[in-house]
Structures are given as structure tokens and as C-alpha cells.
Amino acid sequence: MDRHSRIVLVVIAAVTVILVAVAIVVAIQPPPVFDPATPEGTVQAFYQALLDADEDLALTYVEEDLLHDCYMRDLVHVMPDNAHIVIANTEIDGDEARVDIVITETWGGGPFGGSDTFDEMLYMTRSGDGWLITRTPWPLDRICP
Amino acid sequence: MMEVAFAILMSLVQLGVFVGLIVFVVKLVTKKGASSTEGSGVSIRRFFQYLIMLVMLAIAAFGVIGIIDAVASAGSAVTRDTSAIARSIAFVVVGIPVYGGLALYTRRQLVREPREARSFGWLGYLTIALVGSLIFVMSFTVAFVGELLAEGNVDRTALVSMIVWGGVWFGHWWVAGQRAEESRMQFHLLAGSAVGLVPLGIGAGVAIGAALGEIYDAVFSVTAVDAGVETLVRGLVLFVIGALAWLFYWIGHARKTDRSVPWLIYVLLFGVLGGVITFVVGTGTLVYGFLDWFIGDVGSTSAASHFAFVPGAVAALVVGAGSWGYHRVVLGSRAGEARTEVHRVYDYLLSGAGLIVAASGLGTLITVALDAIGNATTVGSRGSTSAAGIMLLIIGVPLWWRHWSTVRHFRASEPGEEVASVTRRIYLFVLFGATSLVAVISLIVLIFIAVEDLLEATVGAATISSIAVPVALIVTSGAVAWYHFAVFREDRSITPKEVVAVLREVIVVGSDADIATVASGTKAHVQALRTAGEPMDVETLDDVIATLGVTAHERVVVVSEEGRFTVTPIEG
Chain A
0 MDRHSRIVLV
10 VIAAVTVILV
20 AVAIVVAIQP
30 PPVFDPATPE
40 GTVQAFYQAL
50 LDADEDLALT
60 YVEEDLLHDC
70 YMRDLVHVMP
80 DNAHIVIANT
90 EIDGDEARVD
100 IVITETWGGG
110 PFGGSDTFDE
120 MLYMTRSGDG
130 WLITRTPWPL
140 DRICP
Chain B
0 MMEVAFAILM
10 SLVQLGVFVG
20 LIVFVVKLVT
30 KKGASSTEGS
40 GVSIRRFFQY
50 LIMLVMLAIA
60 AFGVIGIIDA
70 VASAGSAVTR
80 DTSAIARSIA
90 FVVVGIPVYG
100 GLALYTRRQL
110 VREPREARSF
120 GWLGYLTIAL
130 VGSLIFVMSF
140 TVAFVGELLA
150 EGNVDRTALV
160 SMIVWGGVWF
170 GHWWVAGQRA
180 EESRMQFHLL
190 AGSAVGLVPL
200 GIGAGVAIGA
210 ALGEIYDAVF
220 SVTAVDAGVE
230 TLVRGLVLFV
240 IGALAWLFYW
250 IGHARKTDRS
260 VPWLIYVLLF
270 GVLGGVITFV
280 VGTGTLVYGF
290 LDWFIGDVGS
300 TSAASHFAFV
310 PGAVAALVVG
320 AGSWGYHRVV
330 LGSRAGEART
340 EVHRVYDYLL
350 SGAGLIVAAS
360 GLGTLITVAL
370 DAIGNATTVG
380 SRGSTSAAGI
390 MLLIIGVPLW
400 WRHWSTVRHF
410 RASEPGEEVA
420 SVTRRIYLFV
430 LFGATSLVAV
440 ISLIVLIFIA
450 VEDLLEATVG
460 AATISSIAVP
470 VALIVTSGAV
480 AWYHFAVFRE
490 DRSITPKEVV
500 AVLREVIVVG
510 SDADIATVAS
520 GTKAHVQALR
530 TAGEPMDVET
540 LDDVIATLGV
550 TAHERVVVVS
560 EEGRFTVTPI
570 EG
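Residue numbers (numbering that gives the first Met the number 0), protein chains in the order written: chain A, 0 to 144; chain B, 0 to 571.
Hints may be right or wrong, so weigh each one.
On the chain B side, residues computed to face chain A include the following (Cβ under 10 Å) [claimed, not checked]:
#: 1; residue: 70
#: 2; residue: 75
#: 3; residue: 79
#: 4; residue: 86
#: 5; residue: 88
#: 6; residue: 90
#: 7; residue: 95
#: 8; residue: 155
#: 9; residue: 520
#: 10; residue: 521
#: 11; residue: 523
The calculated label-pair distances, taken between Cβ atoms and stated as ranges, are [what the hints assert, rightly or not]:
#: 12; chain 1: B; residue 1: 535; chain 2: A; residue 2: 2; range: 37 to 45 Å
#: 13; chain 1: B; residue 1: 558; chain 2: A; residue 2: 14; range: 53 to 61 Å
#: 14; chain 1: B; residue 1: 150; chain 2: A; residue 2: 79; range: 25 to 33 Å
#: 15; chain 1: A; residue 1: 68; chain 2: B; residue 2: 308; range: 54 to 62 Å
In case anyone wonders, no lab produced these hints; they're calculated from the structure.
Just so you know, even glycine gets a beta-carbon here, dropped at the ideal spot from N, CA and C.
Kindly generate the complete structure, drawing on both the sequences and the hints.
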């Protein structure tokens, strides 16, 4: 093997190791904890409760009026197991707030399973020390016509 | 976006495998060209080597993009996404080392074996990698810049994807410059030109349409709510990105290459025919809209609302005329120049396009007339349908007449050459065959309807309406078939004065330079047998056989000339 090939192999190995190390560091770190008194913290608490199958807790972050027409018996199935949620933008205007989120849903096992990425917006109003979701948020819109 | 990109890539890979298998089998069966001097094992090795490289390249790129994206979004994630990270790690751990190893192996092959650089596998790999990465770079750049300018948002995933696929494109462009003959990369340059031309045209059309639409709205106050400015911005972004790619590929490289068959296909099909179709659609929409205002959609809406189509139609007309006109200039002026097959393809292509449009218009008007006689209830306005028919005639007849007149002029002044043209024969056969088929099928439908109504004793005005479409098709396609059959018969009456042998194939035994020189001086197919050593002069056949018994080469050519023989070793 000539010198050039050895150098290339070393670079390939180094790049692979660095990328994998960075990925592992990112993967094992828990997501940042947002202040529960902020709109971002409310979004995080709402979705974490749904992912933990604690629907009662999740619904405490949503305005009660929104839930009147919902098929509540389907609530336990509404949250996909593999949903990754990232906050893209937050706008606060007095007692009103809007949080833009990017959701990636994955399905199918293994590395070649499918996924779908889409944007959603959560509208909130200040309520006591925290915030309350005022329009039907994803994924409750699937059971609240 | 990433999912769509991945799906597109997988589709491209599937298509590449399918096409590659077909080409591979054809090459094995026909044993043509330079590769015929190699064993089929080499072709199989190349097929899988470059296929795996392409797949690994894509997997490695998506893995790197996934990891960078995960790092960039870590601070704003509200949930963990272990499966995406796991997938990216798997892609990187497998994709980068396997691709790197194969790339090193390929580099060694390219250095050791000159035929590797000319092989279909290597050139196909470079073409797919370059064109595929170009499509990704352009798509992600349009998404990123469009979102930034229109919404003020930074699409991080698009930005990362743009940079990674840009790196893939740049790397392969550099390698192609080092390890591939430019003359053999023409297909890639033309594909890149087409990839640039399409968004350039669409972007220009969208931007012009949006700009004119804004002016139209400002003058006539038609639209209450619209996305005019955003559409304009996104159209301009698409136009600029497409224009950059097109300028680089076409103006910078492909335009100056040989006027080969792929070159003409690009200019005639993408540039000329694409431009003509766009122009005809724009002009047709305008003509139809104006006719419909007077004889079809009379008084049902306000004029400002009815003519809201004008900006879009004008945009299509301008873009189509631009593409048509530019590529017409690229083909070259005919003044004082002998008529070539390129000129014929141009004339027959546009003549055929005009004829199809005109025949459609005639058929539509006949249908409306018969329908009116039958007085049946029709879906939509009879006036609007008549307007559509008239519009098709107004567009189609001049287009057909202009180019068919040119054809007739050369048929009269240079009958021998025109009649012998392959393009003319294809044109006549295709038109005659296709229209005959339409006429026959329409006749079957016509007889079926007539007999069925006869047997059920329901023949009447409604029958005339029922047979309107098949009768219109029989009349129009029958007339076209009959006319072109007559032209064909007239052509056959011209007997060539003498049969001249046409050179079809040249077999060259020599160096690369010899082969290139001969190939540049003839239009015939050149089969290249590259010499692998000095030729040996041998006196007798026995000496030839003795020489063959001790030669160290796998393949030799023996040429007999005036009782003497030359044994030339060739590559392979």
C-alpha cells in the first residue's frame, strides 16, 4: 500500500471516528430542560407527558374547552412512539405566545424505515405562572374534529 | 425534505440498477466496442463495484447530514430521537469506510489500467454521482434560499444538506477532470445542462407570471388575498439557481462539445421542442381566453376576473419563445448553408407538433358541429369548446404550414436527398401509422355505437351526438393518414440514379491517437482495437501459427497482404 493510500485510510478512519463520537455524545445527552414557566417549557412538558403515556398530566397543559368534542378513548393511542420534536421558533406578544415546532415521525423498524417531517404551531395564553395551549395541538387534532 | 431526497435517491438507484443491467446484458451479448476486448468478469466486477460505490456514497452523505443536523438541533430538541441518531451512526460507520476503500481500489485501477477510465462503469458512476448530487444541491439550495427570503426562516437541514451534497459534487467534478476523458463525459455535461434548463425555465415563468400578476391585480383589483410576492421571490430563486447550473454546464462546457446525437437530442428535445410546447400552451391559453370571452363564457364573470389568466399565459409565451429562439440560434443559421439532417429533424419535429395541434382543433370543431346537429346536452359550454377548437387551429396551422412549406421546398429543389432522409421516412411512417391506428379504432367504436342503436331501435338525434367523437377522429386522422400516404407514394416513385455504397463501419488497429484521428474524420461507427505492441511481419502461414503459439498476448490481429502476414498484438 502506497503512502497516499495510507494517508487517505487514516483520514477516513479519523473522520468516521470523530463523527461517531460526536453522534454518541449527542445521543446520550438528555434533551435540554426548558423552564416550565416559559412557552417552550410548556410544549416540552405537554409532549413529554404524552410520550410517557401520562395523558391526564398532558391535558392539564391544554385549555379545557378544546377537549369537549374529542374522542377521549383514543387518547392513549394518539401519540406516536417515535416522534422527535424540535422547537424552531418562539414568539411572545404580551400574554399570547406562538411556538413553531418541527416534528419527525418515524415508522418501521431498522435503519431503512420511513419517516415524515412536518411543521406545526402551538398557540398559548398566559395562565397563572405558566402557559396554556389555546388551539388544538398536534397530535390531539387527530381525535378532536 | 430529507425523506423526499432519500426516496428520490433510492428511485434513482433502482433506475440505475435496471438500466445498468440492461446495458450490461446488451454489451455482453453484442460484444461491441472497446470493452469487447475484456472478459465478461471485468464487466461484472465493474457493475457491482460502481453500484456499491454509488449506494455507499449516498448512505455516507445521508449519515453525515443526519449527524450534523442532530448536533445543530440538540439545543432546541424537546424530546430525544434515538432512532435517527442510530441510523446516522450506522450509515456513517458502514458508508464512509466501504466507500473510501472502494474509492482507493478504483483509483489504483485507474492508474494501472487505462481502459478503466474509458469503461462504461466508471463513466456511468461519475455521471450518476455528478448529476444526482447536482440535483440535490440545487433542490436544497432552492429550499434554503427560498425559505430564507420568503419567510425569513433558516432551514438548517436544507443548509447542511446543501453543503454536504455540494462537497460530493465538487469532489466528483475534480476527480472527473483528473481521471476521465472530457470527450467521454459529454452525456454528463448535457444531463447537467438539462437539469439547469428546466428550473431556469420554470423559475422564469413563475417569476414573470407573479410580477405581471401583481401589476394586473394592482390595475384591476381582482385578487383579495394572494401570495404574489412570495411566489415572485420563490420563482426568482428557482430561476437564479437553474441559471447558474445551466450557465456552468451548457455555456461553460456542453455547448462547445461535438454535435453528437445526445447533443442534438438535448438541443432539439429540451430546448426547441420544450420551448415550442411552452410557447404553444401560452399562446393557446391567450387565444382561447379571448375567444371564450366572445363566444363561450359570455357575461358569466367580470372581464377583470375572466382575463386573470393573462399574466400566466404571457409568462409561458415569453419563456417558450426564449427557449425556442435561443436554441434555434444555437443550431445555426441556414442562410447559404447546405441542408443537413439536423435542419430536417428541426423542420419535421415542428411540422409534426403543428399538425397534431391543428388536427386536434379540427377534430374538436367537427365534434361540436355533430353534437349541435344531435342537439344533445353536453357537459360545459358548446361555445367554449368551439373556442378551444378554433384556438388549436389558429396555433397549429401556421406552425405546421411554416415548417411543412420548408420541407416541400427542399422536396422540390433537392428531391433525391430529401426523399432519402431517414428523418423524413420516420416522420411519414410514424404519422401514417399512428393516424391509421386511431382511424381504425375510431371506426370500430363508430360501428359499435351505430349497430347497437340500430339493434335497440334507438337511432336518432342522440346517436349523432354519440358518434360525434369517433367521426371527428376518423375524419381528421383519416385525412392526415391519407395525405401522408400519398406523400410516401410520391417519394417511392423517385428512383435513385445509382446506388452508392455508404460507409457504415471502420475497424482501426492502432494507438489511441490513431483511433481518435480516424474517428474525428468519419461519421461511420469506429471499432477500436488498440495495439499492445509492435506488429510483426511474418512470411508464411506456418510462421503465423508458430508466432501465435509463443505470443505473450491474449489477443492478436493477423492481416494477410499480398502473400505476407502481419501479426499485431492488441489490448485485452
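The hints, checked one at a time:
1. 70: holds, 5 Å
2. 75: This interface hint holds because 5 Å falls under the 10 Å limit.
3. 79: With Cβ-Cβ at 6 Å, under 10 Å, it holds.
4. 86: holds, 4 Å
5. 88: holds, 5 Å
6. 90: At 7 Å from the nearest chain A Cβ, residue 90 (chain B) passes the 10 Å test, so the hint holds.
7. 95: Given a least distance of 5 Å, the restraint on residue 95 (chain B) holds.
8. 155: For residue 155 (chain B), the interface hint holds, since the closest Cβ of chain A sits about 9 Å away, which is under 10 Å.
9. 520: Hint on residue 520 (chain B): violated, closest Cβ of chain A at ~40 Å, above 10 Å.
10. 521: violated, 41 Å
11. 523: violated, 43 Å
12. B:535 - A:2: 37 to 45 Å: Between residue 535 (chain B) and residue 2 (chain A), where Cβ atoms are some 41 Å apart, the hint holds.
13. B:558 - A:14: 53 to 61 Å: Check passed, 55 Å falls within 53 to 61 Å.
14. B:150 - A:79: 25 to 33 Å: holds, 27 Å
15. A:68 - B:308: 54 to 62 Å: For residue 68 (chain A) and residue 308 (chain B) the Cβ distance comes to about 42 Å; the hint is violated.
Checked against the numbered hints listed earlier, the structure breaks hints 9, 10, 11, 15; every other hint is satisfied.
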